[in-house]
Amino acid sequence: MTLSPSIYQALVFELCPGVTKHISSAWRRFNQQSEAARMRFVAYFLPLLISLSVAFSLLAMRPVAAQWQHLFNLTHSDFNGSSIRGSHFGRGLEARDERGNDFRFDDFKGKLSLVYFGFTHCPDVCPNTLVQIQQALNLLAPTEAEAVQFYFVTVDPARDTPQRLREYLSHFDPSFKALIAEPQQLQQIAKSFNVFYHQVPGPAGFYTMEHSAYVFVLDKAAESVLLFSEGTPPDKMAADLKKLLLE
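Numbered according to full-length UniProt numbering, the sequence shown spans residues 1 to 247.
If you're looking for bench data, these hints aren't it; they were derived computationally from the structure.
Treat the hints with care, as some may be off.
[Claimed, not checked] 25 Å max Cα-Cα, derived SDA-like pairs, lysine to any residue:
#1 191 to 221
#2 220 to 183
#3 177 to 90
#4 236 to 202
#5 191 to 247
#6 111 to 88
#7 177 to 188
#8 111 to 199
#9 177 to 100
#10 236 to 194
#11 220 to 82
#12 236 to 79
Produce the entire structure from the sequences given, and follow the hints as far as they go.
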């Protein structure tokens, strides 16, 4: 049994560079021992190794959480979603809607806008999110729901034609709109929202897409106000939308 340094050892190297040479030497001596000796060592120190793994995992998550918070300029608020006021997402957006009409950033103004990035071949996250948004809108009074507009920004413009998007969104809510952009424009739009997307090759020429799964909320002036993470319950989204409509 030959063991190699793990990600946790690499983390130790990063945090404590002075111990690098000693750990590397220890690994070489360990792998030179007999199979039985190595097995006894692993069995004896396994509980400690597990504890260290958990500790380093938690330590490694701290900067990731901090970067995530910084990325979206998240602040504490009285809302269920995370406040992103002052982020100014989406500025300069240019696209086409599902009817082929030109769409500009200023077209967000006048209603609360819910903006979500996805694709119609998505097997789970996208349809689940659209169902949750539909349920949230159904919890609003009719006049409230009319003051909210949902936009589905496709990250797969090669396959998501206007017709396909119209058919897809009609299965969820007839009021849902789609936004389509050329690849270069899409990159700019995604960057303006700090959204990630990536094509993942599959068998027989098929591919899928990895993408961020946040729902962005813009107020009636098209200013960024809230961010709903994946899986936010419809009742919590509806409660936040009701508050925003009163502002």
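We went through each hint and held it up to the structure:
1. 191 to 221: holds, 21 Å
2. 220 to 183: violated, 28 Å
3. 177 to 90: Holds: residue 177 and residue 90 sit about 16 Å apart, inside 25 Å.
4. 236 to 202: violated, 36 Å
5. 191 to 247: violated, 28 Å
6. 111 to 88: OK: residue 111 and residue 88 at ~16 Å, within 25 Å.
7. 177 to 188: Roughly 20 Å between the alpha carbons, so the hint for residue 177 and residue 188 holds.
8. 111 to 199: Not OK: residue 111 and residue 199 at ~32 Å, beyond 25 Å, violated.
9. 177 to 100: holds, 11 Å
10. 236 to 194: holds, 24 Å
11. 220 to 82: holds, 18 Å
12. 236 to 79: Distance ~9 Å between residue 236 and residue 79 Cα, so the pair holds.
Hints 2, 4, 5 and 8, counting from the list given before, are not met by this structure.
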